[in-house]
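Q: Given the coordinates of chain A, assemble chain B onto it according to the supplied hints.
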Amino acid sequence: MSGLIGKKIGMTSLYDADGQALACTVIQAGPCVVTQLRTEEKDGYKAVQLAYGEKKEKNTTKPMLGHFKAAGTTPKRKVVEFKYFAREFELGKTLTIGDVFAEGDFVDVVGKVKGRGFQGVVKRHGFGGVGGQTHGQHNRARHPGSIGACSFPSRVFKGLRMAGRMGGNRVTIQNLRVLKIIPEQNLLVISGSVPGAKESFVIIEK
Amino acid sequence: MSELIKLVEATNENRKSEYPDFKSGDTIVVHVKIREGGKERLQLYQGTVMQRRNPNSAGETFTVRKISNGIAVERIFPILSPSIAKIELLRRGKVRRARLFYLRGRQGKAARIKELKTSK
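Protein chains in written order, with my numbering: chain A, 4 to 209; chain B, 174 to 293.
By construction, these hints were calculated from the structure, which means they are not laboratory data. Certain hints may be false.
[Claimed, not checked] If you want a taste of the chain A side facing chain B, the calculated C-beta under 7 Å gives, among others:
#, residue
1, ILE12
2, SER16
3, TYR18
4, GLY22
5, ALA24
6, VAL29
7, ASN189
8, VAL192
9, GLY195
As the structure is a prediction and not an experimental result, all values here were calculated from the model. All residues carry an ideal CB built from backbone N, CA and C; glycine is no exception.
Next up, chain A with everything else stripped away, as it sits in the complex:
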């Protein structure tokens, strides 16, 4: 595996040779700095820790300051570990987009979904609502309906899908194609959509 940390910029369209318009997401990926190397001997697994995004020194905790100092870099906002990175690195090395991705690659993108707040079952779980507006229905068109039987089992089963907080969770979108790379601005153009708001952090894995 290999990957980078990035920031979602927004969406636009690109056209392929067949004249087909492709919805695509623009991500500013990297440059990332190697801040720690996990080894089999010391940690029991192999991984590379990458850091991305500038951060003020006064906003960084002292333990993290020391961590970045050991890697020989300035403080960073986001730190992510990538297990079994495809290549070997030394501490403090800077990774740019061209080192990891090429046009035509298929990548997975991890992001944090926009928070939707408290939502009903129709939006949250895709329920169909109670049916029509007639036959005595007057105020429960988007309700869940029955949540179980009566004296047996005399309780509501655990995990039953109900209304509640939606969004704000971590989601991975798999197999998105890299349409274009603009190395000067560290831009990665990926076909399809990606979870999260603009300016939010995303992890791109290959």
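A: Okay, now just chain B, sitting in the frame of chain A:
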């Protein structure tokens, strides 16, 4: 919009400057490239422009309506689409709105659009 997104959109091949400056109400001919069994040919599609959406963006499209064998056809083209070979402007129309959805409810004589005559 973000400058970075504009940078990505700039990589689309933009041939808008080759096309005539058409508006809703105009009659145009769109030369569409069609690929059939590895061969490419041109198909002409002539009709009235109903609207232009999202102008000056990468997603700009225009809708062309025509009556084909008595059946109305509306076709939406992305203006940056590489399958458009050429656009010809046949006739300018005199219309008072940007989106001509009222044409859908009309037939024959009622669906006519007056020609815009510019004084020179």
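Q: Tell me, in ascending order, the numbers of any earlier hints that this structure violates.
A: 7, 9
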